[in-house]
Amino acid sequence: DSGVTQTPKHLITATGQRVTLRCSPRSGDLSVYWYQQSLDQGLQFLIQYYNGEERAKGNILERFSAQQFPDLHSELNLSSLELGDSALYFCASSVAGAGTYGYTFGSGTRLTVV
Amino acid sequence: EDKVVQSPLSLVVHEGDTVTLNCSYEVTNFRSLLWYKQEKKAPTFLFMLTSSGIEKKSGRLSSILDKKELFSILNITATQTGDSAVYLCAVETYGQNFVFGPGTRLSVLP
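Chains A and B, in that order, are what the protein sequence lines are.
Here the working numbering is used: position 42 in the first sequence is 42, and no number is missing along the way.
With the second sequence counted from 1, adding 1000 to any position gets you the working numbering.
Check each hint, because a few of them may be wrong.
[What the hints assert, rightly or not] Think about it this way: if two alpha-carbon atoms lie no more than 25 Å apart in a straight line, the pair counts; the simulated BS3-like pairs of lysine-lysine are:
hint, chain 1, residue 1, chain 2, residue 2
1, B, LYS1003, B, LYS1067
2, B, LYS1003, B, LYS1068
3, A, LYS9, B, LYS1037
4, B, LYS1057, A, LYS57
5, B, LYS1057, B, LYS1041
6, B, LYS1057, B, LYS1068
7, B, LYS1067, B, LYS1056
8, B, LYS1041, A, LYS9
9, A, LYS9, B, LYS1040
10, B, LYS1057, B, LYS1040
11, B, LYS1041, A, LYS57
[As the list claims (entries may be wrong)] Okay, the calculated bits of chain A under chain B, using three or more residues with CB under 8 Å as the criterion:
hint, segment
12, 42-48
13, 59-66
[Unchecked claim] Sample of chain A residues lacking proximity to chain B, with all beta carbon distances greater than 12 Å (derived):
hint, residue
14, THR7
15, LYS9
16, THR13
17, ALA14
18, ARG18
19, GLU82
20, LEU83
21, GLY84
22, LEU88
The set of hints was computed from the structure by calculation and includes no laboratory data.
Model, not experiment: these values are computed from the prediction.
Yeah, the Cβ is synthetic: ideal placement off N, Cα and C, and Gly gets one too.
Can you make the complete structure from the sequences, with help from the hints?
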């Protein structure tokens, strides 16, 4: 157990729907990162939050949004889902940046859009 | 555009062999380079490198960074079947952006 908790583990939903993925960072970590991993595109950085504020943005679609709450857990909202959104979504956390030990990944949420 | 390239993309060896995985990068405001091992699920952290020429070592794994030539290598000696995984290289920038390479899939045969 890495200490980073992601729920749900698996999600199957239809096109056009909206889902919310949840991440609880490791205790003491202030930064949360979201990644999308699909078979053909590898690991893609989506967005980072630090202590409740957006810190960096990567290749995140406008249909996707995220936030980090006062208790530091984060949610990634995916709307108007398309088949191509099917992927493994990882959350990672760290104290601030990559620090001395990189950052820790959760076990991911597998999203299947049908 | 920031870019991380890994080679080879796939590698098959026999137990006991030594392998070298390569990672080259082109990014603005480089901060650190990280190596991860990904088996079935979440990537697990291996090394973080910030300075050129200083080898980091953990058991049979070692890694070094060359900031002048913009590359890093990950060496695994005396490979075991448990080393079979995808090895990911990532670069962190001062903009706190993270760019991952496509990974090298290593298969170690008994």
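We went through each hint and held it up to the structure:
no.: 1; hint: B:LYS1003 x B:LYS1067; verdict: 15 Å, holds
no.: 2; hint: B:LYS1003 x B:LYS1068; verdict: 16 Å, holds
no.: 3; hint: A:LYS9 x B:LYS1037; verdict: 20 Å, holds
no.: 4; hint: B:LYS1057 x A:LYS57; verdict: 32 Å, violated
no.: 5; hint: B:LYS1057 x B:LYS1041; verdict: 24 Å, holds
no.: 6; hint: B:LYS1057 x B:LYS1068; verdict: 21 Å, holds
no.: 7; hint: B:LYS1067 x B:LYS1056; verdict: 15 Å, holds
no.: 8; hint: B:LYS1041 x A:LYS9; verdict: 11 Å, holds
no.: 9; hint: A:LYS9 x B:LYS1040; verdict: 14 Å, holds
no.: 10; hint: B:LYS1057 x B:LYS1040; verdict: 24 Å, holds
no.: 11; hint: B:LYS1041 x A:LYS57; verdict: 24 Å, holds
no.: 12; hint: 42-48; verdict: holds (count 5)
no.: 13; hint: 59-66; verdict: violated (count 0)
no.: 14; hint: THR7; verdict: 14 Å, holds
no.: 15; hint: LYS9; verdict: 10 Å, violated
no.: 16; hint: THR13; verdict: 21 Å, holds
no.: 17; hint: ALA14; verdict: 26 Å, holds
no.: 18; hint: ARG18; verdict: 25 Å, holds
no.: 19; hint: GLU82; verdict: 23 Å, holds
no.: 20; hint: LEU83; verdict: 22 Å, holds
no.: 21; hint: GLY84; verdict: 18 Å, holds
no.: 22; hint: LEU88; verdict: 8 Å, violated
Hints 4, 13, 15 and 22, counting from the list given before, are not met by this structure.
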